[in-house]
Every structure is written in structure tokens, then in C-alpha cells.
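Colleague: So the protein sequences, as listed, match chains E and P. Its first residue numbered 1, the first sequence is counted upward by one per residue in the numbering used here. Its first residue numbered 1, the second sequence is counted upward by one per residue in the numbering used here.
Just so you know, the hints here were simulated from the structure itself, not pulled from any lab data. Incorrect hints may have been included.
[To be verified] Pairs of lysine-lysine, DSSO-like flavour, derived with a Cα cap of 30 Å:
(1) Lys-70(E) x Lys-55(E)
(2) Lys-96(E) x Lys-57(P)
(3) Lys-57(P) x Lys-55(E)
(4) Lys-96(E) x Lys-70(E)
In this text, all values refer to a predicted model and were calculated from it rather than measured experimentally.
Letter by letter, the chains look like this.
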Amino acid sequence: AQTVTQSQPEMSVQEAETVTLSCTYDTSESNYYLFWYKQPPSRQMILVIRQEAYKQQNATENRFSVNFQKAAKSFSLKISDSQLGDTAMYFCAFMKTATNKLIFGTGTLLAVQP
Amino acid sequence: DSGVTQTPKHLITATGQRVTLRCSPRSGDLSVYWYQQSLDQGLQFLIQYYNGEERAKGNILERFSAQQFPDLHSELNLSSLELGDSALYFCASSATMNTEAFFGQGTRLTVV
Chain E
1 AQTVTQSQPE
11 MSVQEAETVT
21 LSCTYDTSES
31 NYYLFWYKQP
41 PSRQMILVIR
51 QEAYKQQNAT
61 ENRFSVNFQK
71 AAKSFSLKIS
81 DSQLGDTAMY
91 FCAFMKTATN
101 KLIFGTGTLL
111 AVQP
Chain P
1 DSGVTQTPKH
11 LITATGQRVT
21 LRCSPRSGDL
31 SVYWYQQSLD
41 QGLQFLIQYY
51 NGEERAKGNI
61 LERFSAQQFP
71 DLHSELNLSS
81 LELGDSALYF
91 CASSATMNTE
101 AFFGQGTRLT
111 VV
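So here's chain E without its partners, still in its complex pose (with noise of 0.2 Å):
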């Protein structure tokens, strides 16, 4: 079975500057994918960013970049720049290929500090 593993429950930045989120997670699959997705107050669940597992260069989304570390089975998510906007809690998703299937670690707090 798959598990997704965030060991930092809250993380706290000042904005404009730049914070990292980690994230690993445990496979025997070969083909994956991986997201991290955003949770503001709202509740509204965001796809933040997308990564292939067969794809070694790093997915890159505006301020929002990733460290995909395969071998390392690690995860982690680059915020640069912060914003206030970027208050919320940052889950990290595992789904194996053909399933749709989202596996969720249990998310990060992070808070934008003015």
C-alpha cells in the first residue's frame, strides 16, 4: 500500500520570502504521479502543482516549483516570493497511474506572515 508522509504539521513564513514544504512517500509502483494541493480557509481544495514520476525534469507552476527526488521517494514544494494568499494548508498526494486514485499525506499548516 501506498503512504504519503508530511512531517511538518505547521510552518510559518515572512512574506516575500521563500519557504519549502516536504513531503515523502512510500511505492512499490514505477509509474506515478504526484500533486500537491492547497486547502485555503475556504475549504476549497486547488491543485497547486503536478508531477510525473517518469519525468525527471522538476515541475514549475508560476512562484510554485518542486524537488522530486525518485530515488529518494521525496516530494517537497518551493514557494517563492509568498504571498498572504498563500495562508493555508498544503497537502501532498500520491495517485497511481490508471487509478485516480489520491492518497493524502496529512498536511501542512503554512501561515504567510505580513
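Chain E is fixed; fit chain P onto it per the hints.
Modeller: Frame of chain E, contents of chain P only:
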């Protein structure tokens, strides 16, 4: 706005009752998923439908059932409700397999 619509947004009901949560997927999406988010269990996958057929089951209780209709909307039925069923229930949809899922705003269920 993700394009996934869930109704109602909030629901308060008594123990032992039955409720139905409704989900309309994004236009064109064939796959619908239900997730439960609770304080003690976190975000858990319940069930998936693809074009009307059940495709995968997660930690869904026998008291819970779901279906996807020909117009692709889905309903999650929760019966014999218990206090522990209080949670945020999300519906998500995706176009096909191996594409990212987009989530609705959730239905907050409170069982009293």
C-alpha cells in the same frame, strides 16, 4: 471556481437519519470521486465512478452508497448517520484516468 458543483454546502441532521449529497462534475468529465475529510481520519478516498460504472472503492462504510447517473452527476447517500460521520465531503472530477482531479467546494455535514 473549479467547475465542480456540490449541493448542499452545509447540512445538519440528527443521528440515525439519511442524507443525499449531490455532485455535478465539470463539463465533459466522465470520472467522479468522493472523498471524506475529517479531523481524525484526514482526507480519505471513498469511491470512484467512471461513465456510470463503479471503478474503485476506498474506505467507504456499508452504510454509505453512491451512484453516477447517465447525465454524469453523482450522488452520495449516507444512512444511519452517526456522530462520527460529521465531516467535509468532497466530490472531484476528471476527464479521464491519469488526469488531475478538480474538487468541488465540499458539503459540510454535521450530525447532532
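Colleague: Which numbered hints turn out to be false for this structure?
Modeller: none
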